[in-house]
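Novice: Starting from the structure of chain A, add chain B with the ligands where the hints point.
One letter stands for each residue in the lines below.
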Amino acid sequence: MAIIERPAPTVPAIVTPTTTYGSLKRPVSATGWRSWVFTVDHKKLGIMYGATAMFFFIIGGVEALLIRLQLAAPNGKVLNADLYNQMFTMHATTMVFLFVMPMAAGFANYFVPLQIGARDVAFPRLNAFGFWALLFGGIFLNLAWFLGGAADGGWFMYAPNSGPVFSPSNGVDFWALGLQIAGIASLTGAINLIITVLNMRAPGMSLMKMPIFTWMITVVQFLLLFAIPVITVALFLLSFQRNFGARFFDVAAGADPLLWQHLFWIFGHPEVYVLILPSFGIVSEVLPVFSRKPLFGYPFVVFSGAAIGFVGWGVWAHHMFASGLGPVSVAVFSLTTMAIAVPTGVKIINWTLTMWGGKLWFTTAMKFAIGLIVLFTVGGLSGVTHAVAPSDTQQTDTYYIVAHFHYVLFGGAVLGIFSGFYYWWPKVFGKMLNEKLGSWNFWLMVIGLNLTFGPMHILGLQGQPRRMYQWTEARAGEGFFNLAFWNLIASIGSFVLAVGILMFLINVLITARNPQKAPLDPWNARSLEWMTTNPPKEHNFDVVPTVHHLDDFFHQKYEEDPVTHTMKQVRTAEEIMAEQERNADKHIHMPSPSYWPIVLAFGLPVITFGLIYSHLISVIGGVIVLFAAYGWALESSTAPDSDFETNTPGTGLDKVASNHD
Amino acid sequence: MTDTAQGHASSTGISNVKLGMWAFLGSECLLFGGLISTYMLYRGRVTGGPRPSQIFDIPFTSVSSFVLLMSSLTMVLAVSAAHKDDDRKTNLWLTVTALLGATFVGGQVYEFTAFYKEGLGFSTSLFGSSFYTLTGFHGVHVTVGIIMLMSLVGILKRSSVPGKKAEVVEMIGLYWHFVDIVWIIIFTLVYLIPV
Ligand code: HEM
Ligand SMILES: [Cu+2]
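Protein chains in written order, with our numbering: chain A, 1 to 661; chain B, 1001 to 1195.
Only chain A is shown next, with the shape it has when bound in the complex:
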């Protein structure tokens, strides 16, 4: 498993519970598929989140390619109008709720406990539940493809357009209920991570000594905590309207068609920060490490992140400038939107100054991080043009908007995620991703991205509407503004982009086969997650670290030379590890695996399936949920001392260690 294979003098005894809790015998097996399905280990769950998100990324990507195939030439015949509507709706839903959010949740799960020096999250079983709910919710959402057609109202699903009159298939029902399940997953995840960060930091780690990634994740969890319930309400209203005859969006009964828009965007704008802030956190870790300098203005980055978290609640109506809000509302929301550009700009300046004068090391992770700074800024600038309401009125519902949000989402969120892949891969899997393929991966993605989304600015300003399933030669225009030319370029670009992503998948396969292990501290990193083995042991740290500095791991390796005032290396990562192993805690109880999270999560789609087809099925789902809830309540998360076998020290750890191979 690990790189440092020296005889460890004393090893912590991890012992296994033997007694039964709740109504089923507790799973104690730690091998094979059970070790994944019943696990409550935050690291395994992090990997499972990541794999699930990657799977949905591919689905969402194939949907995007179909869209671009359809639009490559005039009068496209690949998809019919109805299928096209489903395609862009599910493309966006998948990318937002089933790729970026779960991927961020995966990173958060894996690294937040490690970065704060904890051995697991506050509620390990709730953590497992969140993952399974997300997976089942995502599958449920996509079931609609096979049961009469997927949702087709666009990703913000404006009511009354999404009512049964205009969207008669069950697609919207699957969409609303599936997102409800995914929402439960996000909410439990948010509570879990917030409490973990508030309560389980290693001794000495004050809030202002927390790694910046953990900070950004914390802000995101607060956004989720308060945003998820708002969309929950909206989704309930929609489901009640469609399935139980409520009148909420029935204009004939006097309903206000803006109700849905307000509810959706009060959730929706904080949601865009939920998508981007984790990636901001990732690059804020990557840039200092590969610039060999501390992050410039750490407190500014923290506070601007928090500021975004607050102001993000006061801008939602900029999505509704064209809906007739009235001049006062439009003016106010226009101003708040411009204001929120300020903390975002602060971050970009901080990153640039972090690199300024640093000894830059252009690894793939670093390239993706720099790619984010550049491309997100492009997207941010077009964003500022929407903040000006009169200009937005021209741009809204055109490809200019599509260009804007792909620059921020792809150029921002997704590039940040890829930066994280290359940076943390050795930590998670103990092997380095191939840098040469990584370079191909990066350049193909960046070129593809600009080819795909760059031309959309031109298309949009020429007036090509978004969500149109065909365009015709008659409206193609001439010269530089020729629609046919730029549409073709965008479609070619999307395939270049796809090849770039394929490079990543190939890289993963090659790396998995490569027997060479990663060094203990390959990047000369700064934060606590690197102060343990690759991959970390089940209990993360042999000794819970005591923190004295921001970037504590760096300060354990380096000390300031009193004469030259430069940082001098005083210890190596290997020496720090060896010392930890010498002082290892003797007795560590890790939370035990459990059946209940997956059973409880499975009950949810059964209930929602029944709401669409037959209430009898819902009752069965309800029974599953109750049964699991009781089993859960009756078993304790970590079995008490008396229930542990006293193993001879060593045997327990050997078992754990073999897990990671």
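FYI, nobody ran anything at the bench for these hints, they're computed from the structure.
From a predicted model like this one, the values you see are computed outputs, not experimental measurements.
Glycine included, every Cβ here is placed at the ideal spot set by N, Cα and C.
A couple of the hints might just be wrong.
What the hints assert, rightly or not - DSBU-like mimics (lysine-lysine), calculated; alpha carbons at most 35 Å apart, straight line:
1. K1089(B) - K1164(B)
2. K209(A) - K293(A)
3. K1084(B) - K1157(B)
4. K586(A) - K1089(B)
5. K44(A) - K1165(B)
6. K586(A) - K1164(B)
7. K44(A) - K1084(B)
8. K293(A) - K1165(B)
9. K1164(B) - K44(A)
10. K209(A) - K1018(B)
11. K209(A) - K1164(B)
12. K1117(B) - K1164(B)
13. K1018(B) - K1117(B)
14. K436(A) - K359(A)
15. K431(A) - K586(A)
16. K1084(B) - K1165(B)
Said to hold, decoys possible - Using C-beta positions, here's what the derived DEER-type ranges look like:
17. G357(A) - L1189(B): 40 to 50 Å
18. Y1191(B) - G32(A): 57 to 67 Å
19. G463(A) - I1014(B): 53 to 63 Å
Specialist: Below, chain B with the ligands alone, put in the same frame as chain A:
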């Protein structure tokens, strides 16, 4: 909690479960916030069926609201008994709390039936849809609370509650008080303020 996966004692000094419940209730505020806003937007929109003032029976609902308020008091007694490790009293007060809660839900069922007979269905008007949704959501919250209270009584009897007993009682107490406070807001906005 020391020396386990939880590492060391909590950084804030408040236990994980209690802090977790606080976070959850913070989220719940926005859930009810959304539902209440929807109701306030729609309460005057009656294209058919009765208007609010025609069907509300303020004295009846005041009594059932009072019953729910009293259940917060008995919940406090249960928590303090749990802190004193007095199992018998804890069980007693938890049961009384659950019974008071059940009385409130019973009152709500009665009220819904009466309104329905007077012509206010779920689909009758925007007022109907939003009224039943808001009060129904609250009723479901009370019901979930009752289930938790009764389960707690059952578990305490077999004295196999995982974690510290008082901690769990207190956590459910937080939830219960929250649901009560939400009702005070709903009662004021829905019943007392005329449209
Ligand atoms: C694989 C590369 C991608 C390509 C080629 C692509 C392409 C497109 C196109 C052409 C549209 C417009 C469809 C229309 O309006 O008719 C679209 C919509 C959208 N895409 Fe992407 N996209 C990609 C990746 C992503 C990612 C990573 C995200 C989010 C994280 C995303 C989020 C969205 C959203 C939110 C919409 C709006 C859908 C709607 O109008 O309801 N896309 N995409
Ligand atoms: Cu926005």
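Novice: All hints are to be evaluated individually against the structure, with a verdict given for each.
Specialist: Hints and how they fare:
no. : hint                           : in the structure
1   : K1089(B) - K1164(B)            : holds (17 Å)
2   : K209(A) - K293(A)              : holds (16 Å)
3   : K1084(B) - K1157(B)            : holds (16 Å)
4   : K586(A) - K1089(B)             : violated (41 Å)
5   : K44(A) - K1165(B)              : holds (31 Å)
6   : K586(A) - K1164(B)             : holds (25 Å)
7   : K44(A) - K1084(B)              : violated (41 Å)
8   : K293(A) - K1165(B)             : violated (50 Å)
9   : K1164(B) - K44(A)              : holds (29 Å)
10  : K209(A) - K1018(B)             : holds (25 Å)
11  : K209(A) - K1164(B)             : holds (32 Å)
12  : K1117(B) - K1164(B)            : violated (48 Å)
13  : K1018(B) - K1117(B)            : violated (43 Å)
14  : K436(A) - K359(A)              : holds (21 Å)
15  : K431(A) - K586(A)              : holds (29 Å)
16  : K1084(B) - K1165(B)            : holds (11 Å)
17  : G357(A) - L1189(B): 40 to 50 Å : violated (59 Å)
18  : Y1191(B) - G32(A): 57 to 67 Å  : holds (59 Å)
19  : G463(A) - I1014(B): 53 to 63 Å : holds (57 Å)
Checked against the numbered hints above, the structure violates hints 4, 7, 8, 12, 13 and 17; every other hint is satisfied.
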